[in-house]
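Undergrad: Residues per chain, in single letters:
Number of protein chains: 2
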Amino acid sequence: MANKAQVLYDFTAEPGNNELTVKEGETITITNQNIGGGWVEAQNAKGEIGLVPEDYIELTKASPAVGNAAVPDLSFFDAFAPTTASSATSNQVDIAGCAVQPDTPDTPASPNEASNGNDPWSVWNSDPPGNSANNWAAKPEGTETGKAAGGNWNSTAHGHPQAYQGPGAADDDEWDDEWDDVKSSGGYTESGEAGEGGAINRGGAHGSSMKIALNKFPGFSKSGPELYLLSKQPAKGKDKIPVYMGEVGPVWLYPETQLDCVVADPKKGSKMYGLKSYIEYQVMPSTTNKPVNHRYKHFDWLYERLLDKFGSAIPIPSLPDKQVTGRFEEEFIKMRMERLQGWMTRMCRHPIISNSEVFQLFLSYKDEKDWKMGKRKAEKDETVGVMIFSTIEPEAPDLDPIEVEQKCEMFSRFTRAMDDGVKDLLTVGQEHWKRCTGPLPKEYQRIGKAFQNLSSVFNSSGYQGEATLTDALTAAGKTYEEIAQMVAEQPKKDLHFLMETNNEYKGLLGCFPDTIGVHKAAIEKVKEGDKLVATGKIMPQDKVTMAKRISTMSYALQAEMNHFHSNRIYDYNRVMQLYLEQQVKFYETIAEKLKQAHSQFVTM
Amino acid sequence: MANKAQVLYDFTAEPGNNELTVKEGETITITNQNIGGGWVEAQNAKGEIGLVPEDYIELTKASPAVGNAAVPDLSFFDAFAPTTASSATSNQVDIAGCAVQPDTPDTPASPNEASNGNDPWSVWNSDPPGNSANNWAAKPEGTETGKAAGGNWNSTAHGHPQAYQGPGAADDDEWDDEWDDVKSSGGYTESGEAGEGGAINRGGAHGSSMKIALNKFPGFSKSGPELYLLSKQPAKGKDKIPVYMGEVGPVWLYPETQLDCVVADPKKGSKMYGLKSYIEYQVMPSTTNKPVNHRYKHFDWLYERLLDKFGSAIPIPSLPDKQVTGRFEEEFIKMRMERLQGWMTRMCRHPIISNSEVFQLFLSYKDEKDWKMGKRKAEKDETVGVMIFSTIEPEAPDLDPIEVEQKCEMFSRFTRAMDDGVKDLLTVGQEHWKRCTGPLPKEYQRIGKAFQNLSSVFNSSGYQGEATLTDALTAAGKTYEEIAQMVAEQPKKDLHFLMETNNEYKGLLGCFPDTIGVHKAAIEKVKEGDKLVATGKIMPQDKVTMAKRISTMSYALQAEMNHFHSNRIYDYNRVMQLYLEQQVKFYETIAEKLKQAHSQFVTM
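Sequence lines, in order, name chains A and B.
For the first sequence, full-length UniProt numbering gives the first residue as 1, with consecutive numbering after it.
For the second sequence, full-length UniProt numbering gives the first residue as 1, with consecutive numbering after it.
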């Protein structure tokens with residue numbers, strides 16, 4: 001079943017990594033499509049075989065012939081038929097299962113198709129070719145019925161649609177598990193044109209990766225909010241997640257001491273007799289103080305589990321971007337570690353996530369056996385997708401559905417507005433970064449050189465008593481050269497953190513449309529209640545249950561929003577403090593340097 | 001004797017000033033060529049008559065038919081025939097007299113020809129069409145003999161070749177004496193693209209103006225250094241200019257108290273029943289404390305007299321640029337006053353110039369009669385051109401001609417090198433000015449707006465306890481807007497003075513090639529001494545006299561160079577102090593503002 005594929009973009013193999021260099025327009029033969037991690041094995045016309053990023057090619061003939069046109073129009077009740085909640089693990093089955101999702105590209109797609117969900121509210125300036133502009137937000141919301149609502153809900157099944165989306169949860173220790181580093185879309189260009197770290201943004205592989213993820217978890221991907229709204233089973237007692245009424249409204253239960261952890265000490269490991277290399281990070285939780293080592297792919301596995309389990313109620317920010325090349329370079333490792341740290345900190349700060357079994361498993365690696373057992377258990381967890389709401393217990397009276405809808409609309413508006421604001425700041429910051437690292441220091445350097453040049457001309461005057469001025473001019477010139485360097489280096493000391501924080505929030509805000517989408521779909525369902533009762537599709541009691549359930553969902557959403565707000569206020573206060581503190585230091589240092597330069601000039 | 005002329009550039013008449021609007025390519029008839037000040041009266045095809053800048057037109061037929069081709073090759077001794085030293089005032093005679101100068105365009109020339117001497121060492125970036133790139137410096141120096149040396153010397157007759165050169169010294173009170181404001185080439189673009197003051201740089205009228213000036217003073221224009229080297233008459237006692245040996249070498253005699261004056265209080269005056277307007281500046285000398293009023297044309301007259309009398313020994317910096325349009329606008333008047341002040345200060349600081357009769361006349365205007373008498377006397381002064389050296393008396397032993405030549409070469413090298421250095425700094429400064437007034441403040445403004453925007457989004461969250469952060473963010477945003485404004489306004493507070501000083505020095509340095517050229521021509525003459533004696537052209541005694549005279553010239557040049565160096569050291573120390581002081585304040589103020597913004601953010 002060998003398929004031909006057309007190469008869409010040039011790709012240069014990284015030496016020693018079994019990659020295949022291909023040119024745009026070249027036709028290659030896919031020899032293994034099940035590599036995972038956004039890669040396929042392919043053979044070129046010369047007979048050379050190697051790995052090529054999936055998004056760099058376009059299959060000339062789709063292999064499993066399941067097209068969107070064949071999607072059956074499922075009825076309301078089909079959507080929460082019991083079979084859909086069962087766990088299916090075979091890829092074959094998953095791809096077929098995909099057919100129920102009208103919005104999901106279910107054949108290996110071209111990059112443009114594969115990454116539809118990448119950015120819900122705006123087109124990235126820095127988007128690689130693979131990220132096109134089919135925005136989720138552009139779809140009508142809150143007006144769907146039946147199938148349409150299911151379609152909207154299914155958008156969540158694509159996973160959280162921000163910059164990065166993880167690859168499929170590969171099995172342990174398969175040969176290709178080094179390929180956990182496919183860089184996807186960009187965030188802001190961290191090192192500007194300097195090309196620091198040599199990281200090349202090659203376009204996202206997440207479209208197809210996400211497909212694999214959703215294939216694996218049909219409980220999360222194949223059903224709408226009805227599954228919860230009309231479910232019979234109560235959650236087990238030990239899993240209960242309470243929502244309290246706090247000063248600011250509904251809040252999660254926060255632990256007395258906040259969990260924290262440090263991601264540090266990246267080390268290069270290798271396997272297969274050194275043929276395959278990877279980076280391992282040390283994760284040190286504040287609870288145990290026992291370090292555990294994890295590779296990026298482990299983080300990614302954790303992300304997938306959290307997304308699967310909590311994603312309907314809690315926006316799970318994506319991991320830092322994947323990367324095809326340069327992933328062993330120091331700068332890249334440093335930045336990835338910083339971002340993994342940021343991600344872990346955010347997860348630790350979340351009372352529900354940090355307290356979850358799967359998160360604790362990640363932090364408490366004892367031995368391989370224990371880890372594998374924990375992994376299998378987590379992967380078999382059936383309280384995923386909308387069913388997470390069945391574990392939530394608000395300690396407050398039921399909310400009026402109108403209030404529920406108003407709150408939901410308000411959150412939707414706010415997160416959109418903030419997303420715009422954050423992106424605006426990122427754009428401005430990116431330009432400022434470029435100026436500070438490009439033309440501005442060059443100009444200060446030229447000023448410095450001009451002063452020094454004049455100084456050396458003056459030195460040649462042959463006039464007595466020239467030295468004081470020429471020394472002073474030289475010193476002033478050197479001062480401006482120092483300022484040039486300071487200007488160029490400053491963004492790393494302040495703007496960097498402002499950008500990182502906003503980039504993190506951009507990612508987090510990118511998750512909200514899906515999380516809020518679940519709520520909107522549920523609200524639409526509840527609105528149909530009377531009609532459903534009238535047509536005999538549900539019992540009057542079901543309608544009462546749905547109203548109660550939507551109230552629970554709203555409490556969860558409010559608790560999550562309040563969690564978001566409180567974190568946001570803390571984060572922005574903190575990053576602005578840091579930014580301004582560094583800016584003050586910067587300007588003070590310049591003033592001090594200039595003061596010294598000034599003191600060398602004398603007039604009688 | 002009406003001549004046709006072709007219009008080279010569009011010129012738009014300023015309303016109410018008797019000007020004539022003409023279009024490029026149009027043919028006009030010159031009705032009066034003796035207007036002066038760089039203007040001619042012309043009639044267009046419709047019969048309309050008005051004034052047109054001389055440099056904007058090209059005569060299709062020269063009026064006094066004296067072409068360069070007809071220049072007689074004057075012999076060495078013809079050059080200092082007694083008649084050439086006599087004072088001739090009729091324009092008619094002057095134009096004919098012009099024919100002895102091979103390099104001087106002696107017919108009303110096109111701008112390209114007329115402004116050859118505009119910039120000796122480099123082409124201006126901001127040159128108007130009238131300033132082409134025929135550099136004096138490109139001509140071989142120090143290698144001329146006989147006629148060639150005369151040619152080099154004659155280059156001085158063009159007047160000092162920097163940005164501005166004055167118009168002919170018009171007679172008192174002729175109707176057109178408002179036309180004293182023809183802007184010539186640019187210096188640095190003071191107000192950047194902002195177009196402040198609305199001054200349009202229309203191209204220099206100085207080429208032809210200088211021609212008139214030199215026509216009037218054949219003593220200065222028609223002879224080489226031989227006039228002095230072999231002159232018989234000793235200077236009168238009261239005019240003696242001594243050169244002393246100071247610590248740094250030969251120096252002028254400096255007065256005990258340095259003259260100073262303040263140029264202030266520009267007032268618009270008018271005459272001819274308000275038809276003609278002009279600006280009058282108040283000049284207040286520190287000696288008398290009695291203010292005198294002078295128009296630009298009076299400054300210009302003074303400049304011409306100083307150039308004529310001292311130009312061979314002392315570089316006389318040009319006045320600030322002339323200007324055709326916008327000359328009554330506030331910004332322009334302010335800048336011109338500032339530059340007139342700078343020029344006057346430099347003249348006051350010069351011991352020879354400030355002590356001269358003509359300069360004192362300018363500062364001590366009593367009444368119209370006294371002023372006119374003084375003017376006529378000054379204009380009849382015969383100790384002009386190289387003859388100024390006959391008044392100089394070094395109190396030191398004669399110098400060896402080889403040392404004289406070495407010194408001269410050294411000064412030449414230094415002034416060229418400094419000219420390059422100054423121009424380099426001006427270029428850098430101009431770019432910095434543009435950045436500081438253009439993209440940089442815009443960027444800070446955008447940062448400020450982005451913070452404020454985020455603040456207003458946060459304000460809409462509906463979350464309690466938002467106010468502290470949003471207030472702080474708004475304050476930070478406003479701070480960056482303030483910084484934007486500071487950045488945009490800062491160049492006026494510091495870079496402006498650095499630029500003005502360097503611009504002044506650029507002008508001053510532009511005078512040196514001519515002043516040094518006089519010396520080089522004299523050195524070449526003296527080198528020919530043996531040959532001239534051998535061929536019986538001069539007496540052996542004349543050779544001794546020439547050696548003595550060249551020594552005197554060298555003492556004068558050294559005294560002037562030492563004056564230049566001491567002023568330069570003072571000026572650069574002073575302007576760098578001012579620049580850095582303002583820069584320190586600027587950065588300190590920013591740091592202080594940011595510190596305040598910082599203090600508003602709180603984290604627990």
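Check before you lean on any hint, since a few could be wrong.
Identical chains share a label here; the pair holds if one copy fits it or two copies do between them.
Listed next, the in silico BS3-like pairs over lysine-lysine satisfying Cα-Cα at most 30 Å (straight line) [stated by the list, open to error]:
#, residue 1, residue 2
1, K531, K442
2, K442, K407
3, K369, K478
4, K375, K240
5, K407, K449
6, K527, K375
7, K380, K478
Keep in mind that the hints were calculated from the coordinates and are not lab data.
Just so we're clear, the structure is a prediction, and the values are computed from it rather than from any experiment.
Undergrad: Determine for every hint whether it applies to the structure shown.
TA: Each hint tested on the structure:
no. : hint          : result
1   : K531 <-> K442 : neither (70 Å within a copy, 57 Å between copies)
2   : K442 <-> K407 : neither (51 Å within a copy, 38 Å between copies)
3   : K369 <-> K478 : neither (62 Å within a copy, 58 Å between copies)
4   : K375 <-> K240 : within (21 Å within a copy, 106 Å between copies)
5   : K407 <-> K449 : between (61 Å within a copy, 28 Å between copies)
6   : K527 <-> K375 : neither (39 Å within a copy, 101 Å between copies)
7   : K380 <-> K478 : neither (65 Å within a copy, 54 Å between copies)
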